[in-house]
Amino acid sequence: MVLLTRKAEFSASHYYWNPAWSEEENVRVFGKCANRNGHGHNYTLEVTVAGDVDADTGFVVDLKALKEILEREVVSVYDHRHLNLEVPEFETLVPTTENIAIEVWKRLDGKVPGARLHRVRVYEMPDLFADYYGEA
Amino acid sequence: MKAYLTRRYHFSASHRLNNDAFSAEKNRVVYGKCNNPHGHGHNYVAEVTLSGEVDPATGMVCNLADLDMFARTNLLDAFDHMNLNTLKCFANLVPTTENLTIEIFRRFQSGFNHAHLERVRVEETGNNSFEYAG
Numbered sequence: 016m017v018l019l020t021r022k023a024e025f026s027a028s029h030y031y032w033n034p035a036w037s038e039e040e041n042v043r044v045f046g047k048c049a050n051r052n053g054h055g056h057n058y059t060l061e062v063t064v065a066g067d068v069d070a071d072t073g074f075v076v077d078l079k080a081l082k083e084i085l086e087r088e089v090v091s092v093y094d095h096r097h098l099n100l101e102v103p104e105f106e107t108l109v110p111t112t113e114n115i116a117i118e119v120w121k122r123l124d125g126k127v128p129g130a131r132l133h134r135v136r137v138y139e140m141p142d143l144f145a146d147y148y149g150e151a
Numbered sequence: 051m052k053a054y055l056t057r058r059y060h061f062s063a064s065h066r067l068n069n070d071a072f073s074a075e076k077n078r079v080v081y082g083k084c085n086n087p088h089g090h091g092h093n094y095v096a097e098v099t100l101s102g103e104v105d106p107a108t109g110m111v112c113n114l115a116d117l118d119m120f121a122r123t124n125l126l127d128a129f130d131h132m133n134l135n136t137l138k139c140f141a142n143l144v145p146t147t148e149n150l151t152i153e154i155f156r157r158f159q160s161g162f163n164h165a166h167l168e169r170v171r172v173e174e175t176g177n178n179s180f181e182y183a184g
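First to last, the sequence lines map onto chains B and G.
The letter at position 36 of the first sequence is residue 51 when you use my numbering, and the numbering goes up by one with no holes.
The letter at position 90 of the second sequence is residue 140 when you use my numbering, and the numbering goes up by one with no holes.
Just so you know, these hints were derived from the structure itself, not from any lab.
It cannot be assumed that every hint is accurate.
Below 27 Å or equal to it, Euclidean Cα-Cα: the simulated DSS-like pairs (lysine-lysine) are [said to hold, decoys possible]: (1) B:Lys121 with G:Lys52; (2) G:Lys52 with B:Lys22; (3) B:Lys126 with G:Lys52.
Nothing here was measured: the structure is a model prediction, and the numbers come from that model.
Kindly generate the complete structure, drawing on both the sequences and the hints.
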């Protein structure tokens, strides 16, 4: 088995807000991320798939196909969007880096032919990232 | 749902690798240029990985503000722009990056209780890094 990782980038805005809480509580917990006008990041997505190397092609997965899947399932939906307002899963879910990693996993799981999704890593910035390995 | 959160912290410090139990000659052989009596320095990066269930209310493994506050007090204020050899934790321990990684792990493990500590990884330079997971 070999692991293969493909990167993709998207830029998006978001804010952190739990509607079940008061404004004071949101500001206390989320700090400047609770600014309702939003703010943005250049996100980097690292998707790692696991599989056997095909004896004929030498590939775990066709990289071009993987790139197209990332583009179709994630980047075209998230890039240059306001995550809270324009991406359905974040209408009711705080778009933290952790939750983005989980939602990207759900979008990709089962969609990569011939390989198993191993890890989704989302960098919000170079010094902060979240990893999700699916339900263990 | 269990997720992993990693934060990277930057600090700069000096050190000298020298074991008092060795002869001067042996220290030079074992530690090479790291044994320079006047020390030398690095821009370190400490990568701290925490894990836990994502809180449904916050969407977080742990609040970054809590993590940053802990790191400020227990990592950056302790090590940034310091000579590692002068610190209490290295009074009887050679401040290699292996030992520094273990020391940082112990500080987070004993003092930060908002999430499970998975791993500490320290980059001494862009080409050298060390990991400790307990």
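Each hint, compared with the structure:
no.	hint	in the structure
1	B:Lys121 with G:Lys52	holds, 14 Å
2	G:Lys52 with B:Lys22	holds, 22 Å
3	B:Lys126 with G:Lys52	holds, 22 Å
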